[in-house]
Amino acid sequence: MTRESLTRLTAAEARKALDNGEFSAVELTQAYLDRIAAHDNTIHAYLHVMTDVARQQAAAADSRIASGDIEPMTGIPVGLKDILSTTDAPTTAASKILAGYLPPYDATVVKRLREQGAVFLGKTNTDEFAMGSSTENSAYGPTHNPWDTTRVPGGSSGGSAAAVAAREALISLGSDTGGSIRQPAGFCGVVGLKPTYGRVSRYGLFAFASSLDQIGPFARTVEDAALMLGAIAGHDPRESTSVPMPVPDYRAGFREDLKGIRVGIARQYEVDGMEPGVTRSVQAAIEQLRNLGAEIIDVDLPHTDYALATYYIVSPAEASANLSRYDGVKYGVRLEESTLQETYWKTRGEGFGEEVKRRIMLGTYALSSGYYDAYYVKAQKVRTLIRQDFDQAFEQVDVIACPTSPTVAFPIGSRMDDPYAMYLADAFTIPANMAGIPGIAVPCGFSENMPVSLQLLGKHFDEATVLGVAHAYEQSTGWHRQLAGDPGTTA
Amino acid sequence: MSLTLSDVEHVAALARLGLRDDEKERLREQLSGILEHIAALNQLDTESIAPTAQVVDLNNVMREDIVEPSLSQAEVLRNAPRSRDGFIEVRAVMGSGDDGEGA
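Protein sequence lines correspond, in order, to chains R and U.
Adding 5 to a residue's 1-based position in the first sequence gives its number in the working numbering.
Adding 242 to a residue's 1-based position in the second sequence gives its number in the working numbering.
The hints are simulated quantities; they were obtained by calculation from the structure and are not laboratory data.
Keep in mind that this is a model prediction, so the values were computed, not measured.
Beta carbons are placed, not taken as given, at the ideal position from N, Cα and C, and that holds for glycine.
Careful, some of the hints might be misleading.
[What the hints assert, rightly or not] Below are the PhoX-like pairs computed for lysine-lysine, each with C-alpha atoms no more than 25 Å apart in a straight line:
hint, chain 1, residue 1, chain 2, residue 2
1, R, K351, R, K101
2, R, K335, R, K116
3, R, K351, R, K335
4, U, K266, R, K351
5, R, K101, R, K335
6, R, K101, U, K266
[Unchecked claim] Chain R residues, not near chain U, derived (Cβ > 10 Å throughout):
hint, residue
7, T56
8, T155
9, E300
10, I301
11, G337
12, G354
13, E355
14, Q385
15, G418
16, A440
17, Q487
From just these sequences and the hints, can you work out the full model?
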């Protein structure tokens with residue numbers, strides 16, 4: 006086996022091989038660092054590569070493995086979205102306002118992976134403060150889709166998605182506020198999981214919209230995503246919305262068929278402007294679920310069309326409050342003027358990029374005196390309706406199947422002048438955040454030679470069923486075995 | 243819903259965002275456009291619907307009042323753009339400019 010070919014293994018396969026001594030964590034890590042060195046100047050998945058940290062962690066992992074002190078992520082090379090606090094690498098949220106910021110503590114998910122002996126390859130690119138659908142809003146330049154470098158990887162966790170797709174990370178973490186894990190996973194042809202709100206601690210995740218944000222994995226297979234969820238999930242006394250529920254073995258229920266599983270489909274996920282190739286692939290995937298023994302049932306989610314408008318009140322409103330902390334006083338960049346007030350104005354006016362300013366303005370407006378009831382309270386009420394739609398649907402079905410996005414990855418630059426067209430890329434992922442339910446994106450075919458993705462939504466805290474259905478589907482098809490070609494070559 | 247330039251300036255002041263004139267005009271147009279899309283919510287009768295603020299069935303999460311180690315002063319100040327004698331240093335809040343004078 007050449008060192009390069011080590012990067013074709015899944016995390017579950019690498020786990021076995023590491024434990025059997027077929028190769029070391031140092032070799033596996035070096036294989037990934039080599040690929041980053043060879044390809045990241047084209048892909049730009051990383052904002053900061055943690056070469057020295059990774060090598061030290063890999064050597065430590067090898068010692069642990071030799072002594073039999075092995076956990077699922079020991080020695081596994083991981084990419085971390087640059088919105089997760091790390092004490093040994095700058096964390097900027099891809100914003101100029103946090104240039105050079107070195108967090109004084111680790112995010113809980115980072116701490117847990119560190120304790121398990123995972124290897125940190127680096128901090129991945131994102132839309133600034135996770136606000137965007139294409140990773141073009143990074144202050145440090147866009148990430149390119151490994152399947153076609155003229156296209157976006159999706160966003161906001163585009164760097165984490167592209168890193169896994171380009172084999173520049175074996176597995177990675179992102180955050181999902183309105184689709185920021187599932188949508189880029191879909192655009193890059195990898196698996197992406199948004200767990201239930203409350204399942205994973207957000208301590209140390211830079212807050213965007215606190216009632217929606219959730220952390221989750223990108224992986225090459227559903228099994229790898231299940232392994233990573235098991236490693237990061239669970240109650241955290243530092244995070245009051247993390248729920249004190251036991252973390253199950255998410256692989257325990259994996260099986261080959263879907264007999265007895267009820268899959269809901271909703272006509273609200275067939276919209277104008279959908280790409281025919283996406284519709285075709287997703288319909289074929291639903292047919293495959295039926296072939297595996299699932300019962301397909303029509304469900305009604307009548308308020309789906311309103312989710313996007315609801316999201317674009319709730320999330321900017323919460324963001325406008327959360328981002329008030331970036332004022333140049335305690336940390337980050339300060340652009341000093343002659344008064345404190347003018348210093349705030351200049352620091353924030355120049356430190357934030359266009360999309361972040363747009364959302365702060367929208368959110369501040371929606372919360373401002375005289376508009377609060379008309380916008381924010383109205384949106385919270387519609388959120389109740391969206392949640393009730395899912396509650397009723399899940400009385401009839403175990404999961405809901407739909408496309409992850411209406412289109413495949415779009416060309417870089419094509420939607421930057423029209424904010425609302427950009428927002429539409431998340432139309433199918435936002436409802437799950439509004440309801441707080443888990444959702445997974447799984448590769449289900451190709452259109453225009455770009456990956457298409459099936460989304461499966463589940464009940465609160467029922468990641469096990471979502472993962473189980475996704476695993477059975479994935480293993481029965483094999484789309485996940487198709488890997489992106491290297492930049493400059495044909496696949 | 244069409245915003246005026248003075249609406250934009252008012253909101254920018256609330257958010258402590260310094261905007262250039264061209265940014266103000268662009269935001270006026272874009273925010274007006276987004277608000278038009280958002281107006282679709284008014285089609286729904288939500289008179290009798292309770293608002294959802296969050297989706298986890300938890301409230302008033304309490305813990306024992308036990309003192310645990312926290313970050314040192316040096317760690318906290320390490321990222322401050324300016325500090326002196328263990329304090330974060332900023333421009334005078336009161337008395338030196340047109341904001342807050344005499345307060």
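Worksheet item: Which numbered conditions among the earlier hints are violated in the structure presented, ordered from lowest to highest?
Response: 11, 12, 13, 14, 16
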